[in-house]
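**Q** Using the sequences and the accompanying hints, generate a full structural model.
The opening residue of the sequence shown carries number 0 in numbering that gives the first Met the number 0; numbering runs sequentially from there.
Keep in mind the hints are simulated off the structure, nothing from the lab. From the three backbone atoms N, C-alpha and C, an ideal C-beta is built for every residue, glycine too. A few of these clues could be false.
[Stated by the list, open to error] With beta-carbon atoms standing in for the labels, derived distance ranges:
1. 36 x 80: 16 to 24 Å
2. 136 x 99: 32 to 40 Å
3. 24 x 75: 14 to 22 Å
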Amino acid sequence: MLRFMIRSDAISEARTPVEPAKISDVRSLVSGGLAMGLGIMWAWVALHKAFDPLEPATAISWGLGFTYGGAWTMMHAVVLVEWALGTLLVLGIARRAALVGTIVVLGMYSLFIARLLLLDVPVSCGCGFDSVISNLSHESQLAIGIVRNCFLMICAIVSLSVRPRITKKIGERHVTE
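**A** In C-alpha cells:
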C-alpha cells in the first residue's frame, strides 16, 4: 500500500486566486499576433516570388534599370531577405530587429512602387498582389500596393512599440516585469 503525503503549502498555492488578464498581457498578445502575421506574410511572399520569379524580375529590370541577369540576382536576394524576415518573425527570434527590418524593407518597396508609378512602366510591382485585384487599372494596383505597405508598416510599428514581458527567476518565484 502506497501512502501519499500532501504538503499544506501545496494546497494553499493551489487555492490562490488567478489574477485577471492585465492590459499589458493583452497588448503583448496583440503585438505577438501582429509579428506572427507579418512573418507569415513575408514567408508567403517569398515563396510566391520563388515559384513565380518572372514578375518580380521584370519589375526590378524595368524599375531599377538592371540587366535581366542582374534583375534575377537581385530578385533572389529579395527572396532571401523576405524569407529571413518571415522566419525570424514566425519563430520569435530577434523579433525587434526583424520588425525594424520589416519597416525598412516595406519603406524601400513603397519607394520602388512610387518609382514605377512615376516612370509609368507597364509592369506590376512584382509582389503577386495584382492577381487579387486584377480588375483595377495598373496605376490603381500600384497605388493600392503603396497603401498596403503603409498599413503593414503601421502594424510593424505597433508591434514594435509594445515592450515584451520578461520573466526572471528570483529565488523560488518567477517575477514578471
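**Q** Could you run down the list of hints and mark each one as holding or not?
**A** These are the hints, each one checked on the structure:
Distance hint check: the CB atoms of residue 36 and residue 80 are about 18 Å apart, consistent with the given range 16 to 24 Å. Hint check: residue 136 to residue 99, Cβ distance near 34 Å, so the stated range 32 to 40 Å holds. Evaluation of the 14 to 22 Å hint for residue 24 and residue 75 yields a failure: the beta carbon distance comes to about 41 Å.
The structure fails to meet hint 3 from the earlier list, while all remaining hints are met.
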